[in-house]
Amino acid sequence: MSASEPTIPAAERRWAWRPYALAMPALVLLLAVIGYPLLTIVLRSLSEPQWGLQNYIWFFSAPINLTVLQRTFVISTWVTLVCVVSAYPYAYLMTAVGPRIRLVLMLCVLIPFWVSGVVRTLSWVILLQDSGVINSILRSFGLGGVRLIRTQTGVVIGMAQVLLPFMILPLYSVMKGIDLRLMRAAQSLGARPFRAFFTIYLPLSLPGVYAGAIIVFILALGFYITPALLGGPRSTMLSTLVQTQVLSLLQWGRGGAMGVVLLVVTFVLLALAAPVMRSRYREAGRR
Amino acid sequence: MEMKPLTRAVLGLVCLLVAIWLVAPTLVVVPMSFNENKSLAFPPQGFSWQWYQNFVTNPDWSNSFLNSLKVASIVAVLATVLGTLAAFGLDRMKARPANLLRMLILTPMVVPGVVLAIGIYAVYLDTRLVGTLLGFVLAHTILALPFVLIAVSANLEVFDRRLETAAASLGANALTTFRTVTLPLIAPGVLSGLLFAFATSFDEIVVSLFITNPYLKTLPVQIFASITRDADPTVAAVGTILLFATTILIGGGMLLLGRERKGRQ
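Chains as they are written, first to last, in my numbering: chain S, 849 to 1135; chain A, 4 to 268.
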């Protein structure tokens, strides 16, 4: 072993370029199929029909755009809230039950996660439409129908269901690591269960809530298929507006500017979330 | 943690409702697919297999299904090869460039679908890649790469690199070491990356909607068009097939994985 030891660093130095060569094909493809297109969009938003900021000025001065932008945020916030509230008890129960029930609960999360998103949205169309499941049940009880499809409520219900696994999985992975003896210790020191939950368990689980909420919110902001199929003109989100500008009106500059706004908002949110996520990973690494 | 029976009951009930909310809506496609009438109105009338027949015989449906299979298979192989190579490279780099490059490769996961779609569409219009197999494969590969990278990297983190040194000290060259030592040990990560890549491509809709044309449609595009155009229960039949295929795949995979773990203990 001692004879070969000095040669290893030399060999390593000689092959130092190799990791970069291995990553190169993926990076080249990435630049060609993501980097270049995104650059094209930014340039078009600044250069069509002529160079300048006119597309951005148009975006922030037309009331309809601001309404849609605001609505996109409102819908995403609702979706995130619904996801947090329903995922929290679910993820908690996953940590508290035996392995068999946990497997079933996990399957309930993973199967919809894997089933095609279009098919899941289709099932929401069937459920929510005026001649759909929910309305025919209401009618069989002699109640009048409610309008669900092409409303914001319908969009939120459908999107939250599609995005729920993205909330449950990170939440569960954080909760799994929480030492439940801390709760017992608090209770043995006289804290009531509620107090022990709010002062110990909740704060420890917050990184999971935070991570899941950021993922869900970001994905919701850019959602396209579910709002397009479940929503109507009064629940249009930013993505649909981008699509209309580009495909129907051929306004690449305006559509591009909207896309850039969506992109910037997404990355700002990610940057805000990054420090928290990183500290969470560091903690996980220490454990 | 001690829980009062009441708390336990409420918690159980809430979770049951959430589980139903997660799974039940998707099941609604099953009864709809046997509808006798050409309608998606609930409740379905009568019973017939005609929509399954239509899926097989109508070229709109069968071709888009075959296209999706073709694209997803190529993407799965391509993304797995590129992703595995990249995962190896990142694993053997210094931490700082590795983190930077990892973030770059993961960006397709967070870029809003429509923004990516109009960008790719713009470039494809210039390069005449709209509605081509190559166009679909390139776009889907980029979207599938993050999943492969994550799966393989997770496996590489627990891989003991001294095993490679041992193989090398016994005279194996780099390729032999990779083939006989490294690859078998990280195979689970590579395999799940392959599956994820296939599923990502098979399911991709947003970018596909932009780069499709009447000559080359994938299944999700056909489903989307069918939902927006008419109430054709064939979509419900396709949904049912996909639902059962994925359930069998995941359920089977999880059972296999569980058994393997038990066997190892």
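Simulated from the structure, these hints should not be mistaken for lab results.
Worth double-checking, as some hints may not be accurate.
[Stated by the list, open to error] Taking beta-carbon pairs under 7 Å as the criterion, some of the chain S residues facing chain A (in silico):
#, residue
1, 870
2, 964
3, 980
4, 981
5, 996
6, 1072
Yeah, the Cβ is synthetic: ideal placement off N, Cα and C, and Gly gets one too.
The hints, checked one at a time:
1. 870: holds, 3 Å
2. 964: holds, 5 Å
3. 980: With Cβ-Cβ at 5 Å, under 7 Å, it holds.
4. 981: holds, 5 Å
5. 996: Nearest chain A Cβ about 13 Å off; hint violated.
6. 1072: The hint holds - residue 1072 (chain S) has a Cβ within 7 Å of chain A, the shortest such distance being about 5 Å.
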